[in-house]
Amino acid sequence: MAAVVVVLVWSTFGTELSPWRLLTGLAASGRFIAEFFPPDFTRGSEYLNSMFETIKMAVWGTALAFIAAVPLSFWAATNTTPHSLVYQFTRRMSDVFRGLNEFVLAMVFVAALGLGPFPGILALAVSTTGTLIKLFSEAIELVDVGQVEAVKASGAGPLQVLTHAYWPQIVPTVLSMTLYRFEANVRGATVLGLVGAGGIGLYVTEAIRGFNFQAAGAILMVILVAVFLVDFLSAKVRERLS
Amino acid sequence: MGESFIRVEQVSHRYANGTVALSSITLGFNINQFTAMIGPSGAGKSTLMRVINGLVRPSEGQVFIGDTRISQAPEATVRQARRQIGMVFQQFNLVRRLTALENVLIGRLGTLNPVASTLKLYGREDRELAMGLLERVGMADYAWQRADTLSGGQQQRVGIARALAQQPRLILADEPVSALDPKSSEQVMEILQSINAQDGIAVICNLHHLDTVREYADRVVALKRGQLVFDGSVADLSEEVSRSLYYDEQQSREITPILATQLSFAD
Ligand SMILES: Nc1ncnc2c1ncn2[C@@H]1O[C@H](COP(=O)(O)OP(=O)(O)OP(=O)(O)O)[C@@H](O)[C@H]1O
Ligand SMILES: [Mg+2]
Numbered sequence: 000m001a002a003v004v005v006v007l008v009w010s011t012f013g014t015e016l017s018p019w020r021l022l023t024g025l026a027a028s029g030r031f032i033a034e035f036f037p038p039d040f041t042r043g044s045e046y047l048n049s050m051f052e053t054i055k056m057a058v059w060g061t062a063l064a065f066i067a068a069v070p071l072s073f074w075a076a077t078n079t080t081p082h083s084l085v086y087q088f089t090r091r092m093s094d095v096f097r098g099l100n101e102f103v104l105a106m107v108f109v110a111a112l113g114l115g116p117f118p119g120i121l122a123l124a125v126s127t128t129g130t131l132i133k134l135f136s137e138a139i140e141l142v143d144v145g146q147v148e149a150v151k152a153s154g155a156g157p158l159q160v161l162t163h164a165y166w167p168q169i170v171p172t173v174l175s176m177t178l179y180r181f182e183a184n185v186r187g188a189t190v191l192g193l194v195g196a197g198g199i200g201l202y203v204t205e206a207i208r209g210f211n212f213q214a215a216g217a218i219l220m221v222i223l224v225a226v227f228l229v230d231f232l233s234a235k236v237r238e239r240l241s
Numbered sequence: 000m001g002e003s004f005i006r007v008e009q010v011s012h013r014y015a016n017g018t019v020a021l022s023s024i025t026l027g028f029n030i031n032q033f034t035a036m037i038g039p040s041g042a043g044k045s046t047l048m049r050v051i052n053g054l055v056r057p058s059e060g061q062v063f064i065g066d067t068r069i070s071q072a073p074e075a076t077v078r079q080a081r082r083q084i085g086m087v088f089q090q091f092n093l094v095r096r097l098t099a100l101e102n103v104l105i106g107r108l109g110t111l112n113p114v115a116s117t118l119k120l121y122g123r124e125d126r127e128l129a130m131g132l133l134e135r136v137g138m139a140d141y142a143w144q145r146a147d148t149l150s151g152g153q154q155q156r157v158g159i160a161r162a163l164a165q166q167p168r169l170i171l172a173d174e175p176v177s178a179l180d181p182k183s184s185e186q187v188m189e190i191l192q193s194i195n196a197q198d199g200i201a202v203i204c205n206l207h208h209l210d211t212v213r214e215y216a217d218r219v220v221a222l223k224r225g226q227l228v229f230d231g232s233v234a235d236l237s238e239e240v241s242r243s244l245y246y247d248e249q250q251s252r253e254i255t256p257i258l259a260t261q262l263s264f265a266d
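First to last, the protein sequences are chains A and B.
Residue 202 in numbering that gives the first Met the number 0 sits at position 203 of the first sequence; the count goes up by one each step and never skips.
Residue 203 in numbering that gives the first Met the number 0 sits at position 204 of the second sequence; the count goes up by one each step and never skips.
Think of the hints as simulated: they come from the structure by calculation, not from any bench.
Note that the coordinates shown come from a computational prediction; the quantities given were computed from them, not determined experimentally.
Among the hints, erroneous ones may be present.
As the list claims (entries may be wrong) - Computed from the model, here is a short list of chain B residues facing chain A with C-beta under 7 Å: (1) M86; (2) Q90; (3) R96; (4) T98; (5) I105; (6) S116; (7) L118; (8) L120; (9) R145; (10) K223.
For glycine and all other residues, C-beta sits at the position ideal for the given N, C-alpha and C.
Assemble the whole structure, with the sequences as input and the hints as a guide.
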């Protein structure tokens with residue numbers, strides 16, 4: 000408890016945080032947001048297309064991460080890793096990938112590969128690979144050893160043990176974690192446009208920099224509705240998995 | 000006995016944590032026998048079974064399945080030999096999210112290449128064999144039901160069908176009825192007995208109830224603290240042998256206070 004207070008007080012220094020600033024800041028933001036209304040949908044179809052591009056980026060970012068994370072997570076689980084060095088390597092790789100925020104990664108990839116959704120997809124894929132390796136390997140470590148032993152005892156080979164004893168046990172977790180990360184990636188992809196890595200974020204920057212606040216309002220509404228729909232559908236699917 | 004199917008020679012096993020589970024065991028198992036393995040908890044019965052099918056490599060001694068010396072062979076050779084031995088478990092160990100039929104087909108994995116098995120491309124003969132085995136254990140009506148929706152007795156019968164799907168020469172059953180009610184236990188023991196009598200498949204069965212041993216087994220092997228203390232026919236298993244197996248001086252001293260508390264509860 001005391002530690003929490005110390006951290007909170009320490010964090011006020013250098014962040015210009017004070018009760019007064021908090022109030023005036025909120026009020027100013029409120030007035031600013033009021034300027035978003037009424038939203039201006041004259042370029043609505045462009046926003047919609049761009050939102051679809053954003054979702055497609057999240058789809059591919061997540062899909063590539065899934066493909067990479069499934070085999071790598073077996074290396075990163077104590078009970079299935081072929082060697083402790085392989086284990087250490089994949090675990091540290093997962094730590095690094097997770098440590099790099101997709102926004103930061105997107106800046107790097109844009110610098111290296113140029114503008115467009117492709118560097119954005121790569122950024123999402125890398126950071127998601129890190130997360131999925133961690134989540135999947137934890138699921139693998141919880142697998143019931145009795146089922147594994149039974150499949151081994153029937154004379155199955157190492158790959159068959161993975162596909163017939165481990166995989167059926169981790170499949171619900173693996174799919175629901177992947178969908179969960181997909182939802183997060185849709186939200187994450189909406190800001191990647193700010194660094195030129197594709198998606199609807201480009202329109203947000205454009206509108207705000209051009210003081211076109213009513214257009215910004217329309218874009219934000221498109222984002223909100225899309226994110227809400229994706230979360231809703233994905234949650235429905237996850238429910239059916241468990 | 001010169002030509003046993005399974006030969007265990009001077010086998011000792013010490014686990015990584017230092018526990019000595021087996022000390023110099025020498026045994027042979029013939030095709031056609033129904034052997035009961037008995038002994039107190041921790042005697043090494045489960046370990047010996049896993050030494051026989053190569054899931055545990057003994058720290059000393061030799062183990063043969065047929066002509067293959069599995070105790071010193073490379074993993075692929077051990078796997079090949081292991082296919083002749085089915086295993087049945089106390090906790091059934093079915094893959095819970097797969098159907099009964101898919102679980103039986105796991106017994107066919109050894110004959111499939113990895114690609115075909117990953118895609119679940121079982122041949123028609125394999126499916127027919129698996130369905131026939133489910134029928135044999137009285138579980139055909141449950142073929143498409145997920146394993147975790149079945150009762151314990153039903154799961155164990157599917158477990159036996161899975162072992163039979165390997166078309167094994169020997170079945171190792173590690174306390175197959177310990178988790179079952181009396182009626183299911185009897186069904187399971189009778190299936191094991193018929194497998195042995197009709198198909199000539201050898202059965203080695205870890206059991207805790209001496210009544211069950213007397214009813215089903217031809218031969219009894221007893222272990223205690225990792226050592227072989229009895230090997231003979233059921234008729235030769237005298238009261239003294241079985242009593243000394245479970246109650247030695249040290250244990251009876253541990254057991255007496257427990258009995259005392261139970262008695263005081265009964266009052
Ligand atoms: N994986 C393991 N690692 C370390 N020690 C083990 C392991 N498995 C078994 N043991 C120990 O080896 C000894 C023999 O165990 P085992 O399971 O073979 O006995 P058991 O006769 O089957 O007993 P039970 O009737 O309780 O099943 C015991 O002392 C046990 O604690
Ligand atoms: Mg045991």
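Evaluation of the provided hints:
no.	hint	verdict
1	M86	holds, 4 Å
2	Q90	holds, 5 Å
3	R96	holds, 5 Å
4	T98	violated, 11 Å
5	I105	holds, 6 Å
6	S116	holds, 5 Å
7	L118	violated, 9 Å
8	L120	violated, 12 Å
9	R145	violated, 10 Å
10	K223	violated, 25 Å
The structure fails to meet hints 4, 7, 8, 9, 10 from the earlier list, while all remaining hints are met.
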